[in-house]
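Peer 1: Sequences and hints are given; from them, build the entire structure.
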Amino acid sequence: MNEIIKLLDAHPGISLEEMATMLGIPACEVAKSIDTLRSDKIYMGEKAVINWDKLEDGNHVCAFIDVQVQPKLGMGFDEVARKMSQIPAVECCYLMSGGYDISIKMKGKSFQEIALFVARNLSAIEGVLSTTTHFVLKRYKDDGILMDSSEKDDRGNISL
Amino acid sequence: MMQYEQLLNQNLLHVKPSGIRKFFDLAEQMENVISLGVGEPDFLTPWHIRQEAVKSLDIGKTRYTANAGLLALRKEICRYAETHFSLKYDYKTEVLVTVGGSEGIDLFLRAVINPGDEIIVPEPSFVCYNPIVSVCGGVPVPLVTTAQNRFKVTAQALKESITPKTKALVLPYPNNPTGAIMERDELEEIAAVLRDSDILVISDEIYANLTYGGKTHVSIATLEGMRERTVVINGFSKTFSMTGWRLGYALGPQPLIRQMTKLHQFAIMSAPTTSQYGAIDALKNGDEDTEQMKSEYDYRRRYIVNAFNQMGLSCFEPEGAFYCFPSIQSTGLSSDEFCEQLLKEKNVAVVPGTAFGESGEGFIRVSYCYSVDHIRTAMNRIREFLGELHHEN
Chain A
20 MNEIIKLLDA
30 HPGISLEEMA
40 TMLGIPACEV
50 AKSIDTLRSD
60 KIYMGEKAVI
70 NWDKLEDGNH
80 VCAFIDVQVQ
90 PKLGMGFDEV
100 ARKMSQIPAV
110 ECCYLMSGGY
120 DISIKMKGKS
130 FQEIALFVAR
140 NLSAIEGVLS
150 TTTHFVLKRY
160 KDDGILMDSS
170 EKDDRGNISL
Chain B
102 MMQYEQLLNQ
112 NLLHVKPSGI
122 RKFFDLAEQM
132 ENVISLGVGE
142 PDFLTPWHIR
152 QEAVKSLDIG
162 KTRYTANAGL
172 LALRKEICRY
182 AETHFSLKYD
192 YKTEVLVTVG
202 GSEGIDLFLR
212 AVINPGDEII
222 VPEPSFVCYN
232 PIVSVCGGVP
242 VPLVTTAQNR
252 FKVTAQALKE
262 SITPKTKALV
272 LPYPNNPTGA
282 IMERDELEEI
292 AAVLRDSDIL
302 VISDEIYANL
312 TYGGKTHVSI
322 ATLEGMRERT
332 VVINGFSKTF
342 SMTGWRLGYA
352 LGPQPLIRQM
362 TKLHQFAIMS
372 APTTSQYGAI
382 DALKNGDEDT
392 EQMKSEYDYR
402 RRYIVNAFNQ
412 MGLSCFEPEG
422 AFYCFPSIQS
432 TGLSSDEFCE
442 QLLKEKNVAV
452 VPGTAFGESG
462 EGFIRVSYCY
472 SVDHIRTAMN
482 RIREFLGELH
492 HEN
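Residue numbers (our numbering), protein chains in the order written: chain A, 20 to 179; chain B, 102 to 494.
Among these hints, one or two may not hold up.
As the list claims (entries may be wrong) - In silico BS3-like cross-links for lysine-lysine, where the CA-CA straight-line distance does not exceed 27 Å:
no., chain 1, residue 1, chain 2, residue 2
1, A, K160, B, K395
2, A, K25, B, K385
3, A, K25, B, K395
4, B, K445, A, K171
Stated by the list, open to error - Pairwise CB distance ranges (calculated):
no., chain 1, residue 1, chain 2, residue 2, range
5, A, D162, B, Q430, 50 to 60 Å
6, A, L56, B, L364, 53 to 63 Å
7, A, P90, B, F144, 36 to 46 Å
8, A, L114, B, I369, 49 to 59 Å
9, A, M94, B, R180, 52 to 62 Å
Claimed, not checked - With the C-beta cut set under 10 Å, the calculated list includes, among others, these residues of chain A facing chain B:
no., residue
10, L35
11, E37
12, M94
13, E98
14, M115
15, S169
16, G175
FYI, nobody ran anything at the bench for these hints, they're computed from the structure.
The beta-carbon is built from N, C-alpha and C at its ideal position, and this holds for glycine as well.
Peer 2: Below is the structure:
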């Protein structure tokens, strides 16, 4: 794997200069590579991982919605998937193998808000045959980060 | 009233406790310390290795193994040593599975030392060699390495350390605390000194998988005439992040391994069975994990060495292990003073170079077994500390 991609993936928020030092190459070279990765739509940006459960204000409901779609001649599932992706509340939209066609991840303020949104907006998109909504009840791990871990560095301060 | 001092092993009694115990106690008592002082990986043991160990428990593998270790593990160790380091050993007679690399070192030294025998120990290096040599009635002979020669053992220094009483040379590379490695041509020079002697070598290669900058580890046992006089010590702690599993191994000529196995049999019986099952999986399927960890260590290594050099603490470029060893001589403080003040004033823990022998004076050992965020915070605090020190002077 490209070393810069590896670093961006493992150390989000790292500066150009730090990356250059860690890779042993000039900062201008790193900057050029990142520009290329951006223009090639490989590096799409960075996003914070928030443990919404910890906010405890009850306003952060997340759901996964399995969508069955009637594919369109010459377009397959792309047209429906692109339409869904345009909706701001839709966080992720994937074409899936298996028992359904499109997987949607979306966030809302309440179960009801999401349920109504699915009924009124998502299901109403032309080509959508059915939806099944699964609400997230508790987050254990998001984007590779353990959410409910109480693990601390138990190595002590000094060992030889 | 019991006279313990008279009852105890006099050799042990006279082993000096580390002079920096006070500093260690202080560091361990303090809370919210940003530490760069730990000599073990921050990564957990890879999941698949843990799973294999659990699986072995599930199917009731809870008994002793053969004294020398599970045959399947010894076979894997030999395969791994050959494919990774070109070391060829017979799994039936030339391998011993030990409780960590440390037990292998202890067994070797106890197996070979007669009272008065001299063991050459490079300095600075890991702390276990000298006390064991002394307890066995041997005499540790320090061979001082310096930043000027990149903390390597030179043929000249070795020749000067050899006497008719020399029994063995300890070769601890890649090195804790300096991060130095020994390359093939440098080892050839050492081998040339030893080849026609009857001096043994204990090559502590516990960091063998962690070398950087395109350098690969060379074991002295692969050089002509050296296999017959060398016992190689390695283990799972550093390569596979398995420190708590306490598992290592020794590879060497049958007459040496046989005696070491005899001692191991009486003292230990066999290494932990669950750990041995995990280790088989580590050797079979752990290469990718090792490469990932190594690549992450390498990023941090470049980062931390650059940070020290930029703040004026010149740091020789380590090429192995996961430590750097910057000089703090420019501050005018001793290693102990530097570490104690840094700890008290900035809550940052690093280890005085003197913990690894007197020749470590003027240096600190800094571990990069920490996340980049953690290292960044520690570096900022050390920079502040130096700024304030400079301001005071």
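Peer 1: For every hint, state whether the structure bears it out.
Peer 2: To see whether the hints hold, each was checked on the structure:
no.: 1; hint: A:K160 / B:K395; result: holds (25 Å)
no.: 2; hint: A:K25 / B:K385; result: holds (25 Å)
no.: 3; hint: A:K25 / B:K395; result: holds (13 Å)
no.: 4; hint: B:K445 / A:K171; result: holds (22 Å)
no.: 5; hint: A:D162 / B:Q430: 50 to 60 Å; result: violated (45 Å)
no.: 6; hint: A:L56 / B:L364: 53 to 63 Å; result: holds (57 Å)
no.: 7; hint: A:P90 / B:F144: 36 to 46 Å; result: holds (45 Å)
no.: 8; hint: A:L114 / B:I369: 49 to 59 Å; result: holds (57 Å)
no.: 9; hint: A:M94 / B:R180: 52 to 62 Å; result: holds (54 Å)
no.: 10; hint: L35; result: violated (13 Å)
no.: 11; hint: E37; result: holds (6 Å)
no.: 12; hint: M94; result: violated (40 Å)
no.: 13; hint: E98; result: violated (40 Å)
no.: 14; hint: M115; result: violated (25 Å)
no.: 15; hint: S169; result: violated (15 Å)
no.: 16; hint: G175; result: holds (6 Å)
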